[in-house]
Amino acid sequence: MNHHSESLPSKGSSSKANLQSEVIPQKKKRSLQQRRSRAAWILIAPALILLASVAGWPLLRTLFYSFTDAALDTPDVYNMVGFDNYLSWVDGESFGVLADPLWWKAVLNTLWFTGISVSFELFFGMLLAMLMNQKFRGQGLVRAAILVPWAIPTIVTAKMWGWMFHDQYGVINDLLTRVGIIHEPLAWIAEADLSMWAVVFADVWKTVPFMALMLLAALQMISADLYEAARVDGATAWQRFTRITLPLIMPAMIVALIFRVMDALRVFDLIYVLTSNSEATISISGYAREQMVSYQQMGSGSAASVLVFMMVAGIAACFLYIGRMNDEGKENK
Amino acid sequence: MKLTRRQRHITHQTLIYAAAALVSVICVFPFYNAILTSLRTGQELFLTNYLPTSFHWENYVNALMVNGIARSLLNSFIVASVTVGICLLVSITAAFALARIKFKGRKYILFTILCVSMFPQVAVLSGMFELVRFLGLYDSLGALILSYTTFSLPFTVWVLTTFMKSLPVELEEAAIVDGAGLWVIISRIFAPIMGPSLVTTGLLAFIGAWNEFMFALTFIISNEQRTVPVAIGMLQGASQFELPWGNIMAASVVVTLPIIVMVLIFQKRIVSGLTSGAVKG
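Chain order of the listed sequences is A and B. Count along the first sequence from 1, add 1242, and you get the number used in the working numbering. Count along the second sequence from 1, add 84, and you get the number used in the working numbering.
One thing to keep in mind: the hints can contain errors.
[To be verified] Label-pair restraints from in silico Cβ distances:
| id | chain 1 | residue 1 | chain 2 | residue 2 | range |
| --- | --- | --- | --- | --- | --- |
| 1 | B | Glu142 | A | Ser1330 | 54 to 60 Å |
| 2 | A | Ala1313 | B | Leu341 | 39 to 45 Å |
| 3 | A | Leu1302 | B | Leu341 | 38 to 44 Å |
| 4 | A | Leu1344 | B | Gly265 | 44 to 50 Å |
| 5 | B | Ile94 | A | Leu1383 | 18 to 24 Å |
| 6 | B | Ile349 | A | Leu1302 | 38 to 44 Å |
| 7 | B | Leu87 | A | Leu1344 | 56 to 62 Å |
| 8 | B | Leu341 | A | Gln1381 | 21 to 27 Å |
| 9 | B | Phe218 | A | Leu1344 | 40 to 46 Å |
| 10 | A | Arg1566 | B | Gly220 | 43 to 49 Å |
| 11 | A | Lys1347 | B | Val253 | 40 to 46 Å |
| 12 | B | Gly189 | A | Arg1566 | 17 to 23 Å |
| 13 | B | Glu308 | A | Gln1376 | 48 to 54 Å |
| 14 | A | Gln1376 | B | Gly189 | 44 to 50 Å |
Think of the hints as simulated: they come from the structure by calculation, not from any bench. In this text, all values refer to a predicted model and were calculated from it rather than measured experimentally. Glycine included, C-beta positions come from ideal geometry on N, C-alpha and C.
Next comes chain A alone, as it looks inside the complex (with noise of 0.2 Å):
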């Protein structure tokens, strides 16, 4: 296995072994191992020391502030509220983020951005991925091309792609009334039903280069005997598709897809630079930040953020709930 030092003596172990030495020889085992986890645990402690102050601590302190009326540019005054700031009835009348129309409509907004862009990058994804795995000629300047789009920061994708959607001017509407889809230019950056399209297609543009390379990835560890003997069994292309390809990369394809939600789940800047964050697309990062900044109103921003860590934990514990089930559906079997 991974380690053998169990099985050597003390002396050659570590220096700090000296300091140790009168540990009675039939423990020596487990304290070699005790040393051993000792030492982990000092070699990860800067990291975990400057994770727990960079993240864990804001992330208590936010869900601290969501329980208070505090305001942005005076975060020391404040009065705890309770759960005001998520939901609360004064007169018959409710308040509170959960009472926000606003707020469902970025949770809509999220899901169905999330949904709809991470389906089309399974899909073109899948189909890069087959077509890379063939062997043909300018391989490389291929590949060299779908890594452009992934290296493009997300703020000029969206600046790109609000130029070409420009109702006036944009390359999108010129191509499509060339081709004649349509007749006269389409507001889509302006317009509430096509701008999520909009936000939609930059981002798979985007995206998709990232999926492709993931299943890639996988691809390439198929052996082709697998193929071989299914086409001597005469299987058809598409059984050999669905019956060798799609299981031997499904765990790949599974950790690809949770990376994928989880970040179409968090989406903010894409959509606050291509469609200035307007209701018809803002999303719950949006819907948050915008409380907190634009509003300067500390307490429900934070209520909002902690709503959205709430939601993407609990689609992230749905999904490794399915994949556990996954797992032992298998041994099982």
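Go by the hints and put chain B onto chain A.
Coordinates of chain B only, in the frame set by chain A:
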């Protein structure tokens, strides 16, 4: 109608090349279009044209000097390099412990780190805001270095751990037999051969920090301290309806080219770094 083997082969090949060409065009076209736009001025901007029509460099001069993109480039470079430097330094030892030593709680730590790397940034926004103000870092690059560590550190630890796991066990066995301590093993054996992985991980983390938008938008208010993504996002013309598209595209090209060049140079390593986590689970 049944096709002969040769005909099928030709159809297959044609389809592949057609698909490859289509994919390449779709991937590169928006950037190509941005370059074309960045070289046009005045009325030319508003005539849709798919070939270069002129080569005006004014937009670049404007974007870099007048709009302060040059300054922002420097800011972005400082923030991303310092963040990555700190994260890598702290990650090497942590990744060694997580990949090479079996101890209780290892799984939980790895799981926590993975979770932190995926949680939404907005969840720490107000807590981070308080921390930044408390440390007197508001509106300074320090605020960004601090907040970028939130997502860079778990990422570097995770990727380096995956890399370290893939190295052969014999490496440290020999050293242990020779009586080397953990520190010697890390600094003399692992650090030198980790070079390529460090470069890959660093590069990926650098791109992540270079592209970050939400923290940069929230913790920086003065033009001089802005990073590139915010500077580009904020480029405004005389009115809301007169966006300076030429300047915006010039700025976009300037900030993207270095990243694209780096990515193309380190292509293979980046792909392996991106996918290592997925394939090995």
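A quick look at each hint next to the structure:
no., hint, in the structure
1, Glu142(B) / Ser1330(A): 54 to 60 Å, "holds (56 Å)"
2, Ala1313(A) / Leu341(B): 39 to 45 Å, "holds (42 Å)"
3, Leu1302(A) / Leu341(B): 38 to 44 Å, "holds (41 Å)"
4, Leu1344(A) / Gly265(B): 44 to 50 Å, "violated (59 Å)"
5, Ile94(B) / Leu1383(A): 18 to 24 Å, "holds (22 Å)"
6, Ile349(B) / Leu1302(A): 38 to 44 Å, "holds (42 Å)"
7, Leu87(B) / Leu1344(A): 56 to 62 Å, "holds (58 Å)"
8, Leu341(B) / Gln1381(A): 21 to 27 Å, "holds (24 Å)"
9, Phe218(B) / Leu1344(A): 40 to 46 Å, "violated (31 Å)"
10, Arg1566(A) / Gly220(B): 43 to 49 Å, "holds (46 Å)"
11, Lys1347(A) / Val253(B): 40 to 46 Å, "violated (54 Å)"
12, Gly189(B) / Arg1566(A): 17 to 23 Å, "holds (20 Å)"
13, Glu308(B) / Gln1376(A): 48 to 54 Å, "holds (51 Å)"
14, Gln1376(A) / Gly189(B): 44 to 50 Å, "holds (45 Å)"
In summary, the structure is inconsistent with hints 4, 9 and 11 from the numbered list given earlier, while agreeing with the others.
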